[in-house]
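Could you put together the complete structure from these sequences and hints?
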Amino acid sequence: YAGYANNVPGTATVLNSVNNNSIVADAINPVSYSGIRVGGLWKFNDDWNALLVQSFQDMEADGVFYETPHSSGSAPVSLPDLSVQLYNPSYDKDRFENTALTINGRIGALNFVYSGAYLVRHSEQIQDYTNYARGTYADYYQCIPPTASTPAQCYSPSTTWHDNARDVHQSHEMRLSTPTEWRLRGIGGIFWENYAIHEQTDWLYKTAPGFTLIAPPPGAYTNNPNIRNSNDSFFDDITRGYHQRAAFASVDFDIVPSTLTVTAGTRYYRFDNTEVGSAVGSFGCYQAGPPPCLAGALNLNAENLTTTYTGFRSRANLTWKITPDLLAYYTWSQGFRPGGFNRSSHYSSVLNYRSPLAFTPDTLTNNELGWKTQWLDHRLQVNGALYQEDWTNVQTTFFDPQGGLGNLAFETNGPNYRVRGLEIQLVARVTHGLTLTGAASWNSSDQMNSPYVNDVNGQPITSIPNPYGAPGSTLAQSPPFQGNLRARYEFAFADYHPFVQLGVQHEAHSHSATGYVQNYDQPAFTTYDTFAGVMKDAWTVTLYCENVTDKRADLYTQSTESVLAITPNRPRTTGLRLNYTFGGK
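Numbering (the numbering used here), first residue to last: 2 to 586.
To be clear, the hints were calculated from the coordinates, so they are not data collected in a lab.
Quantities reported herein were computed from a predicted structural model and do not represent experimental measurements.
Where is the CB? At the ideal position from N, CA and C, for every residue including glycine.
A couple of the hints might just be wrong.
Said to hold, decoys possible - Cut-off 20 angstroms, straight-line C-alpha distance, at most; resulting in silico cross-link-like pairs (DMTMM-like, lysine to aspartate or glutamate):
#, residue 1, residue 2
1, 552, 82
2, 94, 200
3, 552, 508
4, 322, 182
5, 373, 412
6, 94, 63
7, 322, 378
8, 552, 522
9, 94, 48
10, 322, 369
11, 373, 424
12, 94, 182
13, 552, 530
14, 94, 125
15, 322, 401
16, 322, 255
17, 94, 47
18, 537, 496
19, 94, 168
20, 373, 255
21, 537, 491
Said to hold, decoys possible - Cβ pair distances, simulated, as ranges:
#, residue 1, residue 2, range
22, 333, 447, 17 to 23 angstroms
23, 574, 79, 23 to 29 angstroms
24, 56, 441, 34 to 40 angstroms
25, 527, 81, 21 to 27 angstroms
26, 144, 315, 55 to 61 angstroms
27, 178, 573, 44 to 50 angstroms
28, 574, 41, 32 to 38 angstroms
29, 581, 246, 40 to 46 angstroms
See the structure below:
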């Protein structure tokens, strides 16, 4: 993918500043993928077979995928479209290998399936962090105070952060199911999963001299046990993950064969979460003697960060096939996200507040009434659903050092929300060769309560607006309307099959966050796409233009680095795509 963001000239701060002249460039954010997937199927006999698939992929993304409407200097000015001011190269290198095995067979009348996978993923990121010069404690890390013989002095604001991670994920599942033609039929199985993330993140924004170097505290698990370099002001050296075991079962019964079916199922789960390592800062480390300085070190091993969550999540469904072309259903279902841990806990004396080390699961209950229909001799298909989702104890992310909630981003449990919505999908064969497809959804999300944020003594903090927001507030990234419509015309010409296609997508406005912390309104937008091509045998050639009008949509707006940053959609993109289907059609 070609890049589209431009790094334009600028200076970072007034005193002892830096410029970015050496890395000014256009289209700084290209992305390249390379990989291979190989599979082999072995049929033991008519009932048993095994499929082994091996995948490898490398991805490298340069630059950033946001724009900043204004410069990052001390006297901000407007920047051109799709522009940023970065002072250090940024990139993300990501590679993985995955081995997956699927075994299908029969045990008597029952169908047996085993599926297992083993994934190892490595990622390395470096991002510019020069905007930290506007951070809450930047003067501590980048300036030295005056003495009786020397004046105060500030040093270079040019800084970066680095992240190295290794993920290991393994899963195994076995299930048995009855033949689908039985009136009473079912499926049941067991599931095992283990996931570990070994991650080291270093923030290199300490440019003032005189600090004692930092390192992991004794007794903490480490991915890197070494003393960090002189620019390393804060690091997380953390290994976290979970072990999941589950058993599930689902039963279908045809109350009226081929007409009325009831389904009931449940899943028992056990999640064991762990986190070990350390979070180390440089507070108290100015001229603190021989290294390492441990004044700002938190030993996460000593916090005994282990939690276990168990329970059942269930579902029930009633399906009524009114006619061969008309089906209605009702579904009740439950869902959840497991709890976890933050990378550290930070105390703010402004509000006497300490961010939590752990957060608990949130849960979702869904009630849905839907239909699937075909009309006009199967030339028109209309599907839809009405639903209500009750989401409780919602996991919410905050980063608000200026508001007094500490200098770290953290996850906590927050309000309850209710979402009511309608979704529609349609497919229409208007004439021979002309097909219309479309989908739309309308959603209304409402915050149902507004729990207080409590200080370290358990008392509600009322000196600031409640960061969760007021009851009636909407969910983040939840536009009240989304829709798309596509028209495709195909025809035959000798041995060729040309086609043209037009598409339109619309999304109403949304909010970038819940509550009031960094909550920006993201305007509605409409984009258009066109495609034209030809098919012959196993070949397809397509000329496409996406975002024809070059509309700039704000997909996500934030200011975590004290500079407004907007992630836009891709600008107008034109290309030629060649596809070949192995084995022919």
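Structure-based check of all given hints:
| no. | hint | result |
| --- | --- | --- |
| 1 | 552 to 82 | 12 angstroms, holds |
| 2 | 94 to 200 | 14 angstroms, holds |
| 3 | 552 to 508 | 12 angstroms, holds |
| 4 | 322 to 182 | 16 angstroms, holds |
| 5 | 373 to 412 | 39 angstroms, violated |
| 6 | 94 to 63 | 9 angstroms, holds |
| 7 | 322 to 378 | 17 angstroms, holds |
| 8 | 552 to 522 | 17 angstroms, holds |
| 9 | 94 to 48 | 43 angstroms, violated |
| 10 | 322 to 369 | 17 angstroms, holds |
| 11 | 373 to 424 | 12 angstroms, holds |
| 12 | 94 to 182 | 49 angstroms, violated |
| 13 | 552 to 530 | 11 angstroms, holds |
| 14 | 94 to 125 | 5 angstroms, holds |
| 15 | 322 to 401 | 53 angstroms, violated |
| 16 | 322 to 255 | 11 angstroms, holds |
| 17 | 94 to 47 | 44 angstroms, violated |
| 18 | 537 to 496 | 7 angstroms, holds |
| 19 | 94 to 168 | 14 angstroms, holds |
| 20 | 373 to 255 | 19 angstroms, holds |
| 21 | 537 to 491 | 12 angstroms, holds |
| 22 | 333 to 447: 17 to 23 angstroms | 20 angstroms, holds |
| 23 | 574 to 79: 23 to 29 angstroms | 25 angstroms, holds |
| 24 | 56 to 441: 34 to 40 angstroms | 35 angstroms, holds |
| 25 | 527 to 81: 21 to 27 angstroms | 23 angstroms, holds |
| 26 | 144 to 315: 55 to 61 angstroms | 59 angstroms, holds |
| 27 | 178 to 573: 44 to 50 angstroms | 48 angstroms, holds |
| 28 | 574 to 41: 32 to 38 angstroms | 37 angstroms, holds |
| 29 | 581 to 246: 40 to 46 angstroms | 43 angstroms, holds |
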